[in-house]
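There are 4 protein chains.
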Amino acid sequence: MAPQIRRLQVAVSGLGRMGARHANHFLHRTPRAELVAAFSPDPKEIEWAKEHLEPWGVKLYTEFDEMLKHEGLEAVCVATATTVHAEQTIKAIEAGKHVLCEKPLSTKLEISQQVFDTAARHPHTKVMCGFSRRFDASYLSAYNLARSGSIGRPTILRSQTCDKYDPSGFFVAYAQFSGGIFVDCNIHDIDLALWFFSADNGGAQLPKVKSVVAFGVTALEPDLAKYGDVDNGVGVVEFWDGQIAYFYSSRMNPPGQHDMTEIIGTTGKLSVNANPTTGLLESHLATGIHRDIPQNYYERFEGAFVEEARQFTDAVLDDKPVPVDLAGSVEAVKIGVALQDSLRSGKKILFDRDGKRVDEDGFARAKL
Amino acid sequence: MAPQIRRLQVAVSGLGRMGARHANHFLHRTPRAELVAAFSPDPKEIEWAKEHLEPWGVKLYTEFDEMLKHEGLEAVCVATATTVHAEQTIKAIEAGKHVLCEKPLSTKLEISQQVFDTAARHPHTKVMCGFSRRFDASYLSAYNLARSGSIGRPTILRSQTCDKYDPSGFFVAYAQFSGGIFVDCNIHDIDLALWFFSADNGGAQLPKVKSVVAFGVTALEPDLAKYGDVDNGVGVVEFWDGQIAYFYSSRMNPPGQHDMTEIIGTTGKLSVNANPTTGLLESHLATGIHRDIPQNYYERFEGAFVEEARQFTDAVLDDKPVPVDLAGSVEAVKIGVALQDSLRSGKKILFDRDGKRVDEDGFARAKL
Amino acid sequence: MAPQIRRLQVAVSGLGRMGARHANHFLHRTPRAELVAAFSPDPKEIEWAKEHLEPWGVKLYTEFDEMLKHEGLEAVCVATATTVHAEQTIKAIEAGKHVLCEKPLSTKLEISQQVFDTAARHPHTKVMCGFSRRFDASYLSAYNLARSGSIGRPTILRSQTCDKYDPSGFFVAYAQFSGGIFVDCNIHDIDLALWFFSADNGGAQLPKVKSVVAFGVTALEPDLAKYGDVDNGVGVVEFWDGQIAYFYSSRMNPPGQHDMTEIIGTTGKLSVNANPTTGLLESHLATGIHRDIPQNYYERFEGAFVEEARQFTDAVLDDKPVPVDLAGSVEAVKIGVALQDSLRSGKKILFDRDGKRVDEDGFARAKL
Amino acid sequence: MAPQIRRLQVAVSGLGRMGARHANHFLHRTPRAELVAAFSPDPKEIEWAKEHLEPWGVKLYTEFDEMLKHEGLEAVCVATATTVHAEQTIKAIEAGKHVLCEKPLSTKLEISQQVFDTAARHPHTKVMCGFSRRFDASYLSAYNLARSGSIGRPTILRSQTCDKYDPSGFFVAYAQFSGGIFVDCNIHDIDLALWFFSADNGGAQLPKVKSVVAFGVTALEPDLAKYGDVDNGVGVVEFWDGQIAYFYSSRMNPPGQHDMTEIIGTTGKLSVNANPTTGLLESHLATGIHRDIPQNYYERFEGAFVEEARQFTDAVLDDKPVPVDLAGSVEAVKIGVALQDSLRSGKKILFDRDGKRVDEDGFARAKL
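Going line by line, the protein sequences match chains A, B, C and D. Per my numbering, the first sequence starts with residue 1, numbered consecutively. Per my numbering, the second sequence starts with residue 1, numbered consecutively. Per my numbering, the third sequence starts with residue 1, numbered consecutively. Per my numbering, the fourth sequence starts with residue 1, numbered consecutively.
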């Protein structure tokens with residue numbers, strides 16, 4: 001019998017590391033979605049898609065604009081290089097497509113703002129930035145506990161993003177376009193701070209940043225300095241209403257990926273992944289007790305990415321708000337960029353109560 | 001475009017608790033399989049299926065034999081009540097269908113053996129008993145380590161199956177048909193013992209049982225005694241070649257499901273789930289540090305059930321041996337039944353080297 | 001100023017591995033006790049004592065009977081080889097000394113009983129068998145929770161004693177005198193079962209053993225078979241009032257000492273050392289996350305031994321009951337010996353409600 | 001027989017919470033030391049001492065200067081209120097006594113420096129500030145691993161000191177004299193940073209502070225603001241040679257004391273107490289799995305305080321360097337005070353390569 005279920009017609013743009021995964025999630029793990037098209041400018045990625053997507057009925061495109069015209073297409077998942085996230089998202093919105101865009105919207109605040117403004121002009125189009133960590137089961141449980149008041153008022157948030165060291169030099173090359181460690185890695189932690197610090201109002205109002213400061217070192221990759229980047233960063237973000245978030249990011253965690261977060265409220269603390277592990281196995285050997293941890297962020301967050309695809313699909317099909325508010329995603333870029341600036345200048349950066357950045361030397365910057 | 005992928009045409013028999021889940025796994029989470037049909041004799045289950053399966057193109061049947069005739073059907077997942085597992089499996093095999101049968105094959109050894117014999121007469125038909133625990137990522141990692149020699153020779157295995165207490169009396173009603181706690185719960189642990197104790201020969205040869213003994217109490221449900229069953233059981237199984245497995249099962253674990261296994265080899269120990277948890281979240285509250293554990297076996301083993309469906313599908317499509325050998329599944333029933341007998345009689349039960357059970361009172365006990 | 005505190009005048013008998021530690025505990029870590037004398041028949045141990053005890057004012061003896069006559073001596077800690085525990089304890093009691101005797105009282109039930117009978121004839125003399133595990137902070141907390149009803153009725157107890165493998169052959173030589181793995185190692189676990197299963201009556205009444213069965217293998221030390229011993233043992237003890245204890249012991253745990261216990265009650269479980277570690281340090285290295293565990297029982301239970309000395313001293317000075325009741329220590333030997341017998345005979349051993357052992361073949365053994 | 005062992009003749013000054021503990025440690029748990037005298041100006045504390053110290057031969061004094069004249073006195077443990085630490089330490093040094101002084105030397109840098117200068121003029125006198133955490137077994141293991149190169153170069157250190165919330169208002173009253181949360185709590189974490197960041201040179205050279213910045217909130221105790229203090233503080237300390245330490249302190253951790261530290265090197269990370277617990281017990285109850293953590297710093301660090309007393313005693317008797325170098329203890333005060341200043345001013349505070357503080361407004365900031 002032919003299925004009678006309406007499924008969201010989705011295309012994925014970009015079939016690199018993360019794009020290929022998104023394609024698989026929409027193709028095989030999102031029952032209410034149907035992957036109908038995919039775009040990549042890269043012949044190698046198209047080769048991969050011919051083997052893994054085309055046989056399942058997915059139409060392949062080498063031009064993004066062509067793909068947008070795919071008949072019946074309803075939504076696009078933008079998973080290309082960060083530098084074109086915003087451009088493709090804007091085009092897709094303007095073509096009337098719903099968009100799930102990989103984080104960050106852009107490494108630049110102005111451009112992120114343009115995405116937001118475009119979306120605001122298309123109120124019926126769902127636009128969501130893919131902060132995958134929010135869809136992880138442990139973070140979701142933590143959020144529900146925080147929201148229900150289990151820990152009193154969330155006051156301090158500590159969060160870290162630590163990648164396994166990759167000795168190939170990849171991180172150096174990547175630093176040219178990544179926006180730097182605070183925009184690339186800690187953007188997740190910043191988003192978590194915005195999420196948890198607005199848990200008591202159900203996300204209705206974002207906390208207002210007051211100041212940021214950042215520090216960093218190049219412990220293993222001195223060449224990162226060329227791009228004003230570091231391989232270990234520490235940042236602190238202070239909010240106007242008595243909340244503080246502090247972050248750590250690293251490109252040199254030896255056993256693998258160790259992302260963790262503590263949300264500290266006035267009556268309790270929620271700790272996500274303080275005690276990392278890949279699963280439930282420990283080896284008791286002559287050299288002691290051993291366990292493994294995920295080797296990369298996808299091993300850690302695979303389930304979250306799948307859940308993200310499902311919740312985005314549900315939001316579109318059922319016309320509900322997307323679970324990650326776009327204003328917060330722009331705010332995360334603002335804070336990430338400010339941290340990166342602080343890292344480079346060595347200065348503490350201040351914001352007024354309206355969210356406008358004011359230089360330490362006193363005058364308000366009219367336009368960032 | 002129409003997909004060009006060949007997908008295994010699967011039906012699920014039985015749409016109760018576990019059957020409904022299997023149906024969902026084949027429908028939405030097994031890319032190379034297509035759920036085409038489903039059978040249930042129960043109007044409530046058919047009602048559920050009309051809502052959740054039919055719209056996706058699944059044909060519903062209220063007669064098992066009719067379902068077997070579904071055009072193009074290649075494989076059946078048998079997930080009905082334990083009492084009809086064997087009958088349906090045999091029918092399906094004889095109709096030329098590959099079968100994934102929920103555990104146990106039967107609560108009776110003779111009937112399990114009939115399944116095995118039927119399968120033996122159809123060597124091109126894949127028949128697998130669904131010992132889901134083998135498909136759990138942590139158990140798979142443990143097995144690979146054991147197989148590669150990381151812990152020397154697997155010598156002692158400790159394994160437990162502990163369910164959350166259900167005060168509704170469900171366990172008492174269920175005991176009539178379940179075969180008893182050793183056949184219903186510890187069958188998994190027995191299967192793990194057979195699996196790990198044959199890891200050094202790659203599963204080519206099962207370890208030979210030498211004796212079993214079992215004990216039990218009815219701590220919370222005295223009515224279980226009516227069915228010769230208990231709510232807490234302890235059993236020991238000795239093998240002829242210097243290996244011992246010991247088991248615990250319980251129907252009264254307060255926080256939830258806690259199934260765990262330790263495989264102790266001559267140079268190391270693998271410990272699966274010694275430190276249970278649902279995820280990576282801990283709450284630090286005034287009352288101490290808290291974490292949750294899964295509330296039932298499906299919360300614990302959901303991923304394993306999905307993986308089981310995938311591996312069964314691959315074995316059929318690619319004509320590879322199924323990952324759970326049927327002879328071992330019969331042996332597991334033999335050992336489970338013997339444990340249950342020992343529980344009831346209070347006797348230690350012995351087996352000769354050919355696997356024949358010899359009574360303690362002397363009969364047929366030529367030479368141990 | 002001269003101290004005005006009355007301190008218990010203690011002697012230690014035997015200055016081997018454990019005796020030397022007891023001497024140090026009474027000398028330096030038991031404020032209300034004063035180590036005044038020590039005995040060893042071994043010149044090497046006397047050599048050690050000349051360096052470590054004599055300078056602190058401890059008088060050394062090479063004859064046990066001479067030491068008993070030491071002026072003002074009030075109490076003796078018997079820490080010699082197991083074979084002379086009972087003889088020295090009896091002599092010391094008869095000389096009017098309070099006794100803390102290392103476990104087990106004897107590897108023979110009759111002799112343990114003689115110690116008990118002697119103590120019973122000297123009701124003002126405190127006699128305690130040193131089941132150190134009872135003084136460990138985690139076990140004490142568990143007991144207090146069990147006693148207060150936190151887990152309902154203690155019903156199942158699982159406990160293990162696992163030593164680090166010692167490739168020197170020490171365990172083989174030791175097996176000649178140790179009484180076997182169940183009497184030497186699991187005696188602790190048996191004692192814990194007696195302790196926790198009488199928690200609901202405050203220790204007033206010991207649970208009554210109904211049957212025992214044991215299994216074992218020689219995985220690394222086949223020569224143990226000469227002494228009817230094994231390097232891995234599994235035993236089950238059933239009690240008349242619906243309680244079951246099951247034990248594991250091993251001489252081949254690669255990372256070190258792993259002794260653990262679970263006390264399972266009708267409404268909760270207490271788990272001691274499911275997740276072993278030496279302290280609070282973990283290393284995150286390229287090979288994964290690692291931690292160490294104690295290398296031997298003294299590393300694990302050092303604090304318990306000190307606490308044992310303190311509580312024994314307090315019981316004597318304040319004329320309170322000793323915290324480990326002697327009747328239970330005899331019962332532990334009875335159960336341990338029965339397990340060892342079951343291991344050797346392959347038979348399940350039964351006891352009647354009066355605690356008398358009855359052979360499987362029917363007749364009651366008049367005198368064990 | 002009379003002991004022939006030479007024991008260090010020690011007095012304790014101050015018998016409050018911590019002083020009474022030090023007295024007990026020197027009296028009962030430091031074999032090579034003899035507590036001969038104790039001083040307190042407080043009648044209640046003297047009352048306590050009459051019961052607990054005097055009977056053991058300890059002479060009590062109500063005048064510090066009188067106590068210093070106690071015949072044969074060799075060493076003083078200064079455990080009075082922080083405000084008189086320095087004064088008493090200086091007096092004791094000048095009277096030729098070795099000194100173990102509780103942390104911090106002072107809440108003021110100048111006064112800490114005076115202690116250092118006095119000690120420098122008495123090179124044969126041992127003076128040590130009691131940074132107890134360094135004597136904890138887990139920290140000692142971590143240090144030995146770091147020193148031996150197991151984690152490459154220590155680069156980032158994260159450390160926190162979190163007290164259980166005390167609703168009595170104690171923390172507010174205490175804030176008047178404590179120097180603030182960074183000087184009172186994080187001083188330990190600062191000391192750890194200095195210790196671990198000089199591990200690669202064996203402590204020969206302290207890392208040079210480059211800048212500090214601090215943030216804080218009063219989440220539960222707004223009255224702390226009167227004293228320029230907070231109940232939650234976050235601080236970052238940057239060093240000139242590419243190392244960063246970041247700290248958190250809190251007065252509101254609900255389950256108890258949670259002090260933890262991560263030392264992140266170029267090839268590994270050492271994690272101390274990421275997974276806090278009081279011992280090896282977990283309760284599996286209907287509400288989940290639970291464990292307790294220490295209720296205060298003494299429960300957490302009791303063993304470390306005892307070890308501190310022992311190592312100080314050994315250093316004096318064997319004329320070895322004290323294990324905590326005094327220069328570092330002054331440096332810790334300098335950094336703690338700067339963090340407290342940054343908290344109050346909202347400014348980042350800079351230091352030149354000679355360790356001189358330079359104001360952000362430009363003064364003395366010749367060349368950074």
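Derived from the structure by calculation, the hints contain no laboratory data. Source: prediction; values computed, not measured. There's no promise every hint is true.
Copies of the same chain are indistinguishable here, so a pair counts whether it falls within one copy or spans any two.
As the list claims (entries may be wrong) - 30 Å max Cα-Cα, derived DSSO-like pairs, lysine-lysine:
#1 Lys208 x Lys59
#2 Lys356 x Lys103
#3 Lys50 x Lys356
#4 Lys50 x Lys320
#5 Lys103 x Lys320
#6 Lys108 x Lys59
#7 Lys164 x Lys59
#8 Lys226 x Lys50
#9 Lys334 x Lys348
#10 Lys59 x Lys226
Worksheet entry | Index of numbered hints that the structure contradicts, given in increasing order | 1, 3, 6, 7, 8, 10
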